[in-house]
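Asks: Chains A and B are the protein sequences, given in the same order.
So the first sequence is numbered by my numbering: it starts at 1 and just counts up by one.
So the second sequence is numbered by my numbering: it starts at 252 and just counts up by one.
Don't read these hints as lab results, they were simulated from the structure.
Since this is a predicted model, take the numbers as computed values, not measurements.
Take the hints with a grain of salt, since some may be wrong.
What the hints assert, rightly or not - Restraint-style ranges between C-beta atoms, simulated for each label pair:
no., chain 1, residue 1, chain 2, residue 2, range
1, B, H274, A, F217, 27 to 35 Å
2, B, V349, A, A199, 51 to 59 Å
3, B, E313, A, Q151, 23 to 31 Å
4, B, P264, A, A30, 14 to 22 Å
5, A, Q151, B, P264, 18 to 26 Å
To be verified - Among the chain B residues that face chain A by a calculated CB cut under 10 Å, a handful are:
no., residue
6, W263
7, V281
8, P287
9, D288
10, M291
11, K294
12, A296
13, R297
14, D298
All residues carry an ideal CB built from backbone N, CA and C; glycine is no exception.
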Amino acid sequence: MHAPLFEFLLRQGDNTLILSHRVSEWCGHAPVLEEDIALANIALDLLGQAQMWLGLAGEVEGAGRSADDFAMLRDVWDFRNAILVERPNGHFGQTMMRQFLFDAYHVELLTDLTKSSDARIAAIAAKSLKEVEYHVERSATTIVALGDGTQESHARMQAALDDQWTFAGELFETDAGDTALNEKCIAPLPSSLRDRFDARAKKVLGEATLAIPDTSFAHSGGRSGKQHSEHLGHLLTQMQWLQRAYPGATW
Amino acid sequence: MSKPPPTARNEWPLWEVFIRGQHGMSHRHVGSLHAPDAEMAIKNARDVYTRRNEGVSIWVVEATKITASSPSEKGPMYEPALSKVYRHPTFFDIPEDVGAM
Numbered sequence: 001m002h003a004p005l006f007e008f009l010l011r012q013g014d015n016t017l018i019l020s021h022r023v024s025e026w027c028g029h030a031p032v033l034e035e036d037i038a039l040a041n042i043a044l045d046l047l048g049q050a051q052m053w054l055g056l057a058g059e060v061e062g063a064g065r066s067a068d069d070f071a072m073l074r075d076v077w078d079f080r081n082a083i084l085v086e087r088p089n090g091h092f093g094q095t096m097m098r099q100f101l102f103d104a105y106h107v108e109l110l111t112d113l114t115k116s117s118d119a120r121i122a123a124i125a126a127k128s129l130k131e132v133e134y135h136v137e138r139s140a141t142t143i144v145a146l147g148d149g150t151q152e153s154h155a156r157m158q159a160a161l162d163d164q165w166t167f168a169g170e171l172f173e174t175d176a177g178d179t180a181l182n183e184k185c186i187a188p189l190p191s192s193l194r195d196r197f198d199a200r201a202k203k204v205l206g207e208a209t210l211a212i213p214d215t216s217f218a219h220s221g222g223r224s225g226k227q228h229s230e231h232l233g234h235l236l237t238q239m240q241w242l243q244r245a246y247p248g249a250t251w
Numbered sequence: 252m253s254k255p256p257p258t259a260r261n262e263w264p265l266w267e268v269f270i271r272g273q274h275g276m277s278h279r280h281v282g283s284l285h286a287p288d289a290e291m292a293i294k295n296a297r298d299v300y301t302r303r304n305e306g307v308s309i310w311v312v313e314a315t316k317i318t319a320s321s322p323s324e325k326g327p328m329y330e331p332a333l334s335k336v337y338r339h340p341t342f343f344d345i346p347e348d349v350g351a352m
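Bound conformation, chain B alone (with noise of 0.2 Å):
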């Protein structure tokens, strides 16, 4: 176990930042930002990353809460996945007015 990083003073925490571009789909990571409080880091996300009008939706997740995978366990996260074509769904031929899937 590491210990987690010393927090430096006054120094406000990571929020990562999520928005949803258009009703439908999925909300994707976008970056992220510093904030006091999850208000606040709404509000700061609304004004650093939707001012183009990128979206109708935003999350914020501090980011110490996250749980990530470790790149060093690659090889048994994700290479066994690699030989088995059969889990696609590319022999199924999807129409394409059906839209994002």
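Bound-form chain A, shown alone (with noise of 0.2 Å):
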């Protein structure tokens, strides 16, 4: 097994798994239905993404994991995903300010990906980046809206960002697999995208006259699996239980 590749993989899938499982918890409640479709919409786009990763993860790995294996049997010290997506989805504003900072983080990397070496990957890429690419557009006119609103739409979209923005350094963070990946073309390096996020973020928090915290501190733990925030295991509980109460219990 390639061992990297495998990370890699799984650091896709969970990152999709778990901001789609926190999107989804929006079926229902968001503010107006028009907001409730679109979160499903992005919600099962994003599970597409990860249902797409995580099975290749299983065929590199070759040990007979399915996706679903990776999804609902492995506990939290097991997952890859990024702090940023496992937090609670907060108020609305909240929610789309971490789904914008994600998603311009996102459409960079699907974007180096179509051209990866292994064509597995570019499919993959390929695929996502055309639903990506409305997830960026869609969160990024709601953040200018929501920023450039009311004083209390402007007031809450700050605190949000102060809030999430040493979240998304981690997204960025590049570990000697990575570097392993990006010599055999595999995959770019996190830390090159940031650039292009920087230019999106800058542009965008601009034209909805949020000011980017000034710091460069960045939480980390998640990608590396060496610490995930005490959010991640309650969702998971919610997420995972059926298979857990009922191994094997298929519809």
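Assembly of the complex is requested from the two constituent chains, each provided in isolation within its own frame, with the hints serving as guidance.
Replies: So this is what it looks like as structure tokens:
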């Protein structure tokens, strides 16, 4: 098994899976019907992507594990998602801020992955990119509308940005495995996506009249699996309970 | 002249949504939705009405911008056309491969 490749696929799969679950928590609770449906669509897009990434991870591992096995039968320390995506939804503005920060990273990553030397990765990226280009357009529009909205919506969005910004940095963390994949042109260095992310964030958040926090600190521990936040375990108890309570159940 | 209904506070305007199912067909009214502006109305329409691959093009029109015929004028508006069968092009045979007209 190619260990860095497996790790890379888990990271893509877990980011999309965990964010999908978080976004799906809005189903039936969003402030308006139209947003409810839009969020459900985004959650389903991300779930589809997770299925592809984790399915490929299973192939690469070669131990007979399926995407479902990865999603439902691993515990917190096995997950490789960034902490940003496991954080609780908060209010609608906080959810949209988290979404924008992830989308702005995701769209750059997928753009580069469409040129991967691994044809399977390039194919998943090409399919995902069409979905994510829409995600980022939608979340950016909402960020601008709320940031440059009323005094109250502006204050809430600034607080949401202050709260989330230091969790975005982890998405660009680069380790030896990333370097190994980059040398084979399989995946870009996460750190190489940062400039394009910053440019988009600056433009959109500027239009939204929001100030980017003046700090380079970044929370860490999710993508390495070393230290997730306390929220992931709670999320898993809900996401996995059926398979845990009724092992092997199908429908 | 009737007064326009009072707008509820914080209520987004209503938009009527038209979708073209495939190239060569015309846009058809599919329903309505709420959105703060035209751009968001298009996005919402995409999410609400095209998630099962229904369309290739979307139009949105603010519902208040539509002028509709009045149901009370049904008689003079439509009944005169009832007795004029010669206006229907049913006396021509149209080959099937012409497709939608």
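Asks: Each hint needs a verdict: does it hold in this structure or not?
Replies: For each hint, the structure was consulted:
1. H274/B / F217/A: 27 to 35 Å: With a Cβ separation near 52 Å, H274/B and F217/A fall outside 27 to 35 Å, so the hint is violated.
2. V349/B / A199/A: 51 to 59 Å: Taking Cβ atoms as reference, V349/B and A199/A lie about 52 Å apart, which means the hint holds.
3. E313/B / Q151/A: 23 to 31 Å: 27 Å, holds
4. P264/B / A30/A: 14 to 22 Å: Given a distance of about 19 Å, which is inside 14 to 22 Å, the answer is holds.
5. Q151/A / P264/B: 18 to 26 Å: With a Cβ separation near 22 Å, Q151/A and P264/B satisfy 18 to 26 Å, so the hint holds.
6. W263: 7 Å, holds
7. V281: The hint is violated - V281/B has no Cβ within 10 Å of chain A, the shortest such distance being about 14 Å.
8. P287: 7 Å, holds
9. D288: 8 Å, holds
10. M291: Holds - the Cβ of M291/B comes within 10 Å of chain A, reaching about 7 Å at its closest.
11. K294: This hint holds: K294/B lies near chain A, its Cβ roughly 6 Å from the closest one there, short of 10 Å.
12. A296: 9 Å, holds
13. R297: Hint on R297/B: holds, closest Cβ of chain A at ~8 Å, below 10 Å.
14. D298: 4 Å, holds
The structure fails hints 1, 7 (numbered hints given earlier, in ascending order).
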